[in-house]
Amino acid sequence: MDIEKSKILEVWNSNHNKVVKYKQVIKNNTLNEVTEIETENLNELISEVRKQLYEWNKII
Numbered sequence: 249m250d251i252e253k254s255k256i257l258e259v260w261n262s263n264h265n266k267v268v269k270y271k272q273v274i275k276n277n278t279l280n281e282v283t284e285i286e287t288e289n290l291n292e293l294i295s296e297v298r299k300q301l302y303e304w305n306k307i308i
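Each residue of the sequence shown is one higher than the one before, counting from 249 in this note's numbering.
The set of hints was computed from the structure by calculation and includes no laboratory data.
A couple of the hints might just be wrong.
Pairwise CB distance ranges, derived in the manner of DEER restraints [stated by the list, open to error]:
{"id": "1", "residue 1": "E258", "residue 2": "R298", "range": "18 to 28 Å"}
{"id": "2", "residue 1": "L301", "residue 2": "S262", "range": "31 to 41 Å"}
{"id": "3", "residue 1": "H264", "residue 2": "N305", "range": "14 to 24 Å"}
{"id": "4", "residue 1": "N305", "residue 2": "K271", "range": "18 to 28 Å"}
{"id": "5", "residue 1": "V259", "residue 2": "L301", "range": "30 to 40 Å"}
{"id": "6", "residue 1": "D250", "residue 2": "K299", "range": "12 to 22 Å"}
{"id": "7", "residue 1": "N265", "residue 2": "I308", "range": "39 to 49 Å"}
{"id": "8", "residue 1": "N291", "residue 2": "S262", "range": "33 to 43 Å"}
Glycine residues also receive a C-beta, built at the ideal position from the N, C-alpha and C atoms.
Go ahead and model the full structure; you've got the sequences and the hints to work with.
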């Protein structure tokens with residue numbers, strides 16, 4: 249399976265003193281599918297990315 253992951257983006261509040269969201273785009277080149285995952289904390293983002301990779305592995 250050919251997977252590309254973008255860097256994790258931090259979305260800051262309007263005062264730029266607190267991270268309010270984290271985003272990451274993952275692309276499965278084998279299935280031609282792109283998923284953008286957005287969460288409020290970093291651990292949750294990592295967990296969601298792993299879940300998506302697991303789902304893709306089940307398909308292939």
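Going through the hints against the structure:
E258 and R298 have their C-beta atoms about 20 Å apart, which keeps the hinted 18 to 28 Å range intact. Range check, L301 to S262: about 33 Å between beta-carbon atoms, so the 31 to 41 Å window is met. A beta carbon spacing of about 38 Å between H264 and N305 contradicts the range 14 to 24 Å that was offered as a hint. The hint said 18 to 28 Å for the Cβ distance between N305 and K271, and at roughly 23 Å that hint holds.
Evaluation of the 30 to 40 Å hint for V259 and L301 yields a failure: the beta carbon distance comes to about 22 Å. At about 19 Å, the beta-carbon gap between D250 and K299 stays in the expected band of 12 to 22 Å. At roughly 43 Å, the beta carbons of N265 and I308 sit within the given window of 39 to 49 Å. Under the hint 33 to 43 Å, the C-beta atoms of N291 and S262, about 24 Å apart, miss the expected range.
Hint compliance for this structure: hints 3, 5 and 8 are broken, all remaining hints hold.
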